[in-house]
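Residue numbers (the UniProt record's numbering), protein chains in the order written: chain A, 1 to 316; chain B, 1 to 286.
Hint data in this document are derived by calculation from the structure and do not stem from the laboratory. Just to be clear, a hint being listed does not mean it is correct.
What the hints assert, rightly or not - The calculated lysine-lysine pairs, modelled on PhoX-like cross-linking and capped at a C-alpha distance of 25 Å, are:
1. A:Lys308 / A:Lys148
2. B:Lys34 / B:Lys45
3. A:Lys310 / A:Lys144
4. B:Lys152 / A:Lys308
5. B:Lys269 / B:Lys152
6. A:Lys310 / B:Lys152
7. A:Lys144 / A:Lys292
8. B:Lys81 / A:Lys310
9. B:Lys96 / A:Lys235
10. A:Lys308 / A:Lys291
11. A:Lys55 / A:Lys41
12. A:Lys292 / A:Lys255
13. B:Lys242 / A:Lys235
14. B:Lys76 / A:Lys310
15. A:Lys241 / B:Lys96
16. A:Lys298 / A:Lys310
17. A:Lys9 / A:Lys241
18. A:Lys55 / A:Lys241
19. B:Lys98 / A:Lys235
20. A:Lys9 / A:Lys23
21. B:Lys269 / B:Lys42
22. A:Lys235 / A:Lys55
23. B:Lys81 / B:Lys98
24. A:Lys298 / B:Lys152
25. B:Lys255 / B:Lys34
26. B:Lys255 / B:Lys269
27. A:Lys235 / B:Lys99
28. B:Lys281 / B:Lys269
29. B:Lys45 / B:Lys269
30. A:Lys255 / A:Lys291
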Amino acid sequence: MKHVLEFEKPIINLKEKIAELKKFTSESELDLTEEITTLEKRLEELEADVYGNLKPWDRVQMARHPERPTTMDYVEHIFTSFIEFHGDRYFGDDEAIIAGIAYYRDQPVTVIGHQRGKDTKENIRRNFGMPHPEGYRKALRHMKQAEKFNRPIICFIDTKGAYPGRAAEERGQSEAIARNLMEMAGLTVPIICIVIGEGGSGGALALGVGDQLHMLENSTYSVISPEGAAALLWKDAGQAKRAAETMKITAYDLKQLHVIDQIIPEARGGAHRDVKQQADYIDQVINQSLKKLSAYTKEELLERRWEKYKVIGEFE
Amino acid sequence: MAKFMFSKRKKYATIPSEHSKVDVPEGLMQKCDKCHKIFYRKELKKTLNVCPNCGYHHPLGAWERIESLFDEGTFKEWDQKMTTVNPLDFPGYDEKVKKDMQKTGLNEGIVTGHGLINGQATAFAVMDSSFRMGSMGSVIGEKIARAIENAKEASLPFIIFTASGGARMQEGVLSLMQMAKTSVAIKRFSDSGGLMISIMTHPTTGGVSASFASLGDYNFAEPGALIGFAGRRIIEQTIREKLPEDFQTAEFQLKHGQLDRIVPREEMKDLLTTLLEMHEKGRSKA
Ligand SMILES: [Zn+2]
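Build the full structure now, drawing on both the sequences and the hints.
Here you go:
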């Protein structure tokens, strides 16, 4: 295991101890089977306890885990014949977002998602999954095409947020995000959005207006990063942990706030522990969602989409 | 400043007394924020808070804006009593909102309603940056969405003046979702043939600029208004580069193709009147 998160350390320590005892047993006359069994039982309990009681800040760490599967990892497991297409036709190709078509169980679909890099080099190319306006415009171009050819749209959300850069502002970052929100509202094909890692602010929302919104158990969705919130609210980015709790950004929080439809469970210890298993969990939810949504007429779809967003928010 | 500036505005709307009380602060004189020249308050009120010397557009309160545009006695407010709750149980949020309610005389950072602009009926929303910096929470999203739906039902145009620092932090993701909610409402309105005019005033940033403010059939701005998504400081930190003085001003946005026009406050009513008339005529020909 390359990356160990702070809260996982007791688990790792215990695992090492068990390995040590096993090694000792195999190399000496002493039979420690009983002790090993006890420790393994404790490990089981400890894992259940730690992973079953993750605090918001722990989940932020999970969502940001360097080995956390990306959009492309899930595309490979869930879809077949994925063909990626590039460019927004106005300015360029933003590799922070990928888009293309594929089969989902024999049904052609359009797949769009933020794409982080696996290493520094790829991250630079993909701008750490933080889009410029051309990324949103590429996404919208593919969504319109999906509508034309009657393909459901599946969006994977995984970004720290829109890129705060000069060029992004000069090319109409605000307009590009706003345009997507508005146009996604009117697409006459089913749209399923799944937050797989970090869902940060307008950059996430620009792929996030749809009929069903799901979140992986350890993903987050927020108006601003915990660090950004802490800096704004308490003038201290160091209070990110406090912000993660106060801002209510976990899948469980969003379910409670009636913003998302379903929490997709994660493999124990996080999605990165078992990509295939994780892809299966996501696959099941996509399948259910598509079945449900394909029953609606275009008019019903749009009316329900409005009803869905209409009720979000609390006031007196 | 042009002499004809208020010639076409025949009548003023009367402001309810509880609003005028807070809109007219103590003191006889006021200093221009830009050129620092001192003026009588009455003088600035006449020019709608535009500096007679340098033309700087000082913020205009929601009710002052309404007074400056609508025919006297025609503006009827919607959802006046809607108030903010504390959906995340955010510490200190209730107190902050209460304080701004007292300070501004408003229930939230927005007023919505309908009335006549030189005889032309329109639905209307105006944000007020003196209330929690015009940040957008559930109430603002809901009132805008309802105003747009009302406009759609009544086949009225929809005019919105934005002024917002962005998302309301204390409402977290619910604030973010108001961007989606208002945008879905605008899509429905637009598809029904509705005319939407957005006027961005200082400041229009963050989630507000990245949703309804940018979604008008016409997008205007007041001179010098700050308009943009990300904040200047965060951009400078990210790209390690000093940004030009005019970065994210209305003039910058016009140059980069993001605005239809920059409209000085003195010309606003005339322009809106002409646009409303043209669209009404076009519609009746259809
Ligand atoms: Zn001045």
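| query | Hint by hint, which ones does the structure fall short of? | reply | none
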